[in-house]
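Enquirer: The chain contents come next:
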Amino acid sequence: MSKSFLIDTTLCTACRGCQVACKQWHDLPAEKTINRGTFENPADLSFDTYKLVRMREEVINGKLNWLFFPEQCRHCIEAPCLETAGDPGAIYRDDKTGAIIFTANTKRLNAAEIIESCPYNIPRKGPDGTLAKCDMCIDRVENGLLPACVQTCPTGAMNFGDRDEMLALAKKRLAVAKKKFPKAMLIDPDDVNVIYLVAYEPELYCANAMASNAVFDITRQVALGRMIRPLTNIASRLL
Amino acid sequence: MNVTRRKFIQITGASAAGLAVSGLGFDLTPIKSHAQMLKTKYAKETTTICCYCAVGCGAIVHTSKKGDGRVINIEGDPDHVINRGSLCSKGAALSQLTENENRLLEPMYRAPYSKKWEKVSWDWALTEIAKRVKKTRDASFEHKNAKRQVVNRTTDIVSIGSSALDNEECWIYQAMVRALGLVYVEHQARI
Amino acid sequence: MTNHWIDIGNSDCILIMGSNAASNHPISFKYVQIAQAKGAKLINVDPRFTRTSSKADIYTSLRSGTDIAFLGGMIKYIMDNKLYNKEYVSSYTNGGFIVGKAFSFKNGLFSGYKTNDIGPLRGKYDKKKWAFEMDTNGVPKIDRSLKNSRCVVNLLKKHFSRYNTKLVSKITGTPEADLLKVYKTYAATGARGKSGTSMYAMGWTQHTVGVQNIRSMAIIQLLLGNMGVAGGGINALRGESNVQGSTDQCLLWHIWPGYLKTPRASNVSLAAYNKKWTPKSNDPLSANWWQNYPKYSVSLLKSYFGENATKANDFGYDWMPKVDDGVDYSWLTLFDNMYKGTVKGLFAWGMNPACSGANSNKTRKAMGNLDWMVSANIFDSETSSFWKGPGMNPSTIKTEVFSLPACVSVEKEGSITNSGRWMQWRYQGPKPLGNSLSDGDIIMELGLKLKEVYKEGGAFPEPILNLKWDYMTDGLYDPHKVAKEINGYFTRDVKVKGKLCKKGTLVPSFSWLQADGSTSSANWLYCQSYTEKGNMSARRSKVDAPNNIGLYPEFAWCWPVNRRIIYNRASVDLKGQPWDKKDWVVRFAGNVKNGKYVSKKWIGDVPDGGWYPLENPDGTKRKDAKHPFIMRKHGHAQIFGPGRADGPFPEHYEPLECPVEKNYMNKQRMSPVAPVYGTDADAHATCDPRFPIVGTTYRVSEHWQTGLMTRPQPWLLELQPQVFVEMSEELGKLKGIKNGERVKVASARGSLECTAIVTKRFKPFKIAGKTVHEVGVPWHFGWRWPVSGTEESANLLTPPTGDPNTRIPESKAFMVNVTKK
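Residue numbers (the numbering used here), protein chains in the order written: chain Z, 1 to 239; chain C, 240 to 430; chain F, 431 to 1251.
Everything labelled a hint here was simulated from the structure, so no lab data went into it.
Where hints are given, some of them may not hold.
What the hints assert, rightly or not - Stretch-level coverage of chain F by chain C, calculated; a stretch enters the list once three of its residues show a Cβ under 8 angstroms from a Cβ in chain C:
id	segment
1	670–678
2	777–785
3	846–853
4	1010–1018
Stated by the list, open to error - Okay, derived cross-link-like pairs now, DSS-like style, lysine-lysine, Cα gap no bigger than 25 angstroms in a straight line:
id	chain 1	residue 1	chain 2	residue 2
5	F	Lys691	C	Lys383
6	F	Lys614	F	Lys468
7	F	Lys828	Z	Lys180
8	F	Lys1168	F	Lys1190
9	Z	Lys179	F	Lys471
10	Z	Lys63	F	Lys558
11	C	Lys383	F	Lys795
12	F	Lys795	F	Lys1174
13	Z	Lys63	F	Lys1196
14	F	Lys468	F	Lys611
15	F	Lys927	F	Lys898
16	F	Lys885	F	Lys558
17	F	Lys885	F	Lys898
18	Z	Lys63	F	Lys516
19	C	Lys386	F	Lys770
20	Z	Lys63	F	Lys1174
21	F	Lys516	F	Lys600
22	F	Lys1193	F	Lys596
23	F	Lys1200	C	Lys386
24	F	Lys558	F	Lys710
25	F	Lys558	F	Lys531
26	Z	Lys180	F	Lys1190
27	F	Lys614	Z	Lys172
28	F	Lys600	Z	Lys63
29	F	Lys588	F	Lys614
30	F	Lys468	Z	Lys180
31	F	Lys571	F	Lys588
32	F	Lys1063	F	Lys1092
33	F	Lys818	C	Lys355
34	C	Lys358	F	Lys611
35	Z	Lys32	Z	Lys180
36	F	Lys587	F	Lys571
37	Z	Lys63	F	Lys1163
38	Z	Lys32	F	Lys1063
39	F	Lys898	C	Lys374
Note that the Cβ used here is the ideal one computed from N, Cα and C, for glycine as well.
Whole structure, please, built from the sequences with the hints as guidance.
Expert: Below, the structure is given as structure tokens:
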């Protein structure tokens, strides 16, 4: 059974504990930033920033919303980066957790290709060509701890556990959220191990909240589904 | 129809996934074991309470037992009944407050009209401070006020601070400044 | 906080006003959202849409400085619609007390007003005019039916009858429909078994009407029966990890540890001092807890001077400094004096006044008048390096500066007290870095040096030489020794409560303290925190109390006597049974015989005194009961507060600097008793076209206070790298300011450069038919860090005035202008 995250954005207050806890655990340096007219910073994910809380001000039905979206790698069930790399020494799946792990050998990959392959635009290239992104705090997880970002989250926005447990929680949380937000939905729950619950259309939260859309009139999920559906747990039927 | 390179790779990548699961793919066994050792495994573990706001969140401090004896990691304490392991951005950065190259690590002195700091010893600094206190206090000490009431105080020395101190430190601090006769004793709670 | 963090999760309605809890107390939102998940409503009122607003069920805005108008409207709504808990108001508050005929309110002034010719205070009240009528026994006359036209609730109703929604909206800029929505939702917590809580912070205190902002909410809480109950209370979200503890230890001019009074010059002896400050009640049903005052003051003196404090020398009372009667010694006055050159030496311990004091330019200039300054801190600060700050010429500044490196909290051991009054012990992880030392070590060493220099004589050396200073073990500061002294010892073998207490043993709790010198206690409120059973603050049990409301009585320790919710005997009806059957705090569980209680037993939290309930199950009154608000002389909570400097009821006054020429509520524009300082550095401007925009200050999640403990940290600077000014899109358009561009924000006192955040989260207000803009600047920055030197403190803008009771500066409402750079 793989592990999954449920990120319930309806509970996120953008305290950004997760963003710092990630840097703290991974000993990642800070980036030099400027205030760009928003609280959101740094401007993007990077080789040194695996997690970034996106913040958007949106007027929806005449009411102002401040939407928060802690962006990170989705640890896809069938990960395009991994398949594109075709190099298990550089990108592999950890069987126990389902984590998609980038190693130092990503240096030997075609970085642009790997980045392009990600439907969520997550991996980032370092100065020496190595690629980096969220590693699910696999060292913590394998030692029975929660990922740093989940442990530090005060509100229950970040959740982590066995996939079926997270799917069950997602179902429960979605039902609660729908009472307040009729358009609430889970993003790509069948395809990823990092499932987001959003109150409104995913594109309002961040450019790559949902897997990139419509190619040749079919969505990527449909394309994926046609090929691998019989082998996956069809989460969406449960939800 | 425009097919960007990005989308093309997404589709071809997905196709490879189909191949992989159908058994025609390559060997997925990782070449590197990722069952890593936790960086905190051999560290001393102590509990603390976050030094920022007054929620009073518990945190665990991991200090290296060997080498420099410095902090390796600070994270929320899951056994603390208030925060249950969580910390905000400031709390999550506690280790960087401790292990910080900008910290003041030596007593420093700035002489009158000087443009620079000088590094001094603790003993020199505290001795000189005690002399300054005595000089100012003795010159300004008021036994009685204008109404001839006993007041035993000085208004020429003032103290501000501090909620950055522990309770015990606060207590001895206020005892010291009150014994000196200070009446201008204020701190963060006033602002 | 009357309650505590976990208890917020028990609430049915949470009003966050005057704070931005999601941002500045992020972990509190764990409990806000737990309450919301159980169906509680979250109301947020703030000039600006914040992270807190993003999670609110109801959000509405108000112009900074108009909270009393907003809350006064709610009081009117509750009174007009009879939504108050009559039993609670009549039995537990002074709502039925008859106010004397000398009390009146006309043209914005309460009776007894006199203008002030000298000093910063604009005027003063003779509070005797607000006294209650007393019966022949000296007990207040009470009409528990609440019918008398001069009883407090009827005067309250009359006072707030002016606060109709139309007028309130005209002042606050809040739409009338929003006012009604908030009033209706919050007032619903007056129903029996429902609770509402208030989470506030400096958004309420930093005003010339700060105390009355909180009084307004306290009145609402009392009317609705929300004090003492689970999920209720008045909850100040304190800003620093130990600002509660440092206040309890009384690092403030007017109080001694445990909230005892600093002696006045007129208190010529210990007897005179105790007599003056020990209240007397003639009501047998009033516990009047402060009647124990002499036990606490004498025990404190025993801690100050140990064996040297004897009955013969008044326990060293004469050695302690006295303040002049009627004179203020607070922060603003302190720096005013320093600016005028009468202060020679400054200790700035873990403080950064160059950025934290209102009107920072004045503060910074004032420090140049000192002979010497001692600064103890973790980082070099804008204060210790003030002599090389912006606009300073070191070669003209004589001030000697001693900058002492303090270690960080994880490098030392000791306790701190959180906002919920929980005292929690911390342990040492690594040793202090470099040559830094714990504050405790620095203070102990300095104390020894001072004792040394005074051995050879000097002015009045007695208090210094006689000060008990034995808190070291093997030459190092020992926090356990101080913690035990704070708890207190029996100083000789003595029989208390029929039990022999041995000399040198720790006092079990403050009910054992004595006024004859047989006990010491450096802070009576903390008596019970470190006993013969051990260090109570270090406890870690995760077992909840039987009422299962998150009290965790054996996790840490809280004052007083581990009572987690204070005033908790107001959570029960007159028969001792909880208003709220589900989330109850305490309940009386004594045996009943023939309709009468015959044995005493309370369960749940530690009750506010273990007396019998006021009534038996059969409704008969008991004579051995006590009213629940035991710290008040008359045992009742005060809807009418005759002790305040600015009136027994709250009243709306405009800030010193405001955008309106008159107060639409009454004839006084600003508080008639607020202090306004008057040096050349204290300029202020109201309705001045140079400063047409309301300004306010606040915090962000990623920095803390002046930023001295967050700005040197790259991770936090990455998140919030620069000082900014938030403004509405409308104002941005008006001024031609684009999002992200650098602009200048100026007040009559100073200016700074900020990055503009042009946002939908600020909206212009309609005030009396005119458009009023407001902007806000966080006060976390200063020139020393980041090293670019370009980011400055918002306190360069803030005004030279404050609350007449507390003298907390009015940093939350003033006037500015914003211009393109």
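Enquirer: Is it true that the CA of Z/Lys63 sits at most 25 angstroms from the CA of F/Lys558?
Expert: violated, 51 angstroms
Enquirer: Check whether the Cα positions of F/Lys600 and Z/Lys63 lie no farther apart than 25 angstroms.
Expert: Cα-Cα ~23 angstroms, so holds.
Enquirer: Given the hint that F/Lys614 pairs with F/Lys468, does the C-alpha gap stay at or below 25 angstroms?
Expert: Holds - the C-alpha atoms of F/Lys468 and F/Lys614 are around 20 angstroms apart, at most 25 angstroms.
Enquirer: Compare the distance between the alpha carbons of Z/Lys63 and F/Lys1163 with 25 angstroms, and conclude whether the hinted pair is satisfied.
Expert: Within the cut-off at roughly 21 angstroms; holds.
Enquirer: Given the hinted pair F/Lys558 and F/Lys531, is their Cα-Cα distance within 25 angstroms?
Expert: holds, 11 angstroms
Enquirer: For F/Lys571 and F/Lys588, compute the direct alpha-carbon distance and say whether it is at most 25 angstroms.
Expert: holds, 20 angstroms
Enquirer: Taken at face value, is the distance from the CA of F/Lys710 to the CA of F/Lys558 at most 25 angstroms?
Expert: Between F/Lys558 and F/Lys710 the Cα gap is close to 17 angstroms, so the pair holds against 25 angstroms.
Enquirer: Is F/Lys927 within 25 angstroms of F/Lys898, Cα to Cα?
Expert: violated, 28 angstroms
Enquirer: Quick check: do three or more residues in the segment 670–678 of chain F have a beta carbon closer than 8 angstroms to a beta carbon of chain C?
Expert: holds (count 9)
Enquirer: Given as covered by chain C, does the segment 777–785 of chain F meet the bar of three residues or more with CB within less than 8 angstroms?
Expert: Our answer is that it holds, as 6 residues pass the Cβ test (under 8 angstroms) against chain C, meeting three.
Enquirer: Measure nothing beyond the straight line between the CA atoms of C/Lys358 and F/Lys611; if it is 25 angstroms or shorter, mark the hint as holding.
Expert: Roughly 62 angstroms between the alpha carbons, so the hint for C/Lys358 and F/Lys611 is violated.
Enquirer: When you check the alpha-carbon spacing of F/Lys898 and C/Lys374, does it fall within 25 angstroms?
Expert: holds, 23 angstroms
In this structure, the hints that do not hold are numbers 4, 7, 10, 11, 15, 16, 18, 20, 21, 23, 27, 32, 34, 35, 38, in rising order.
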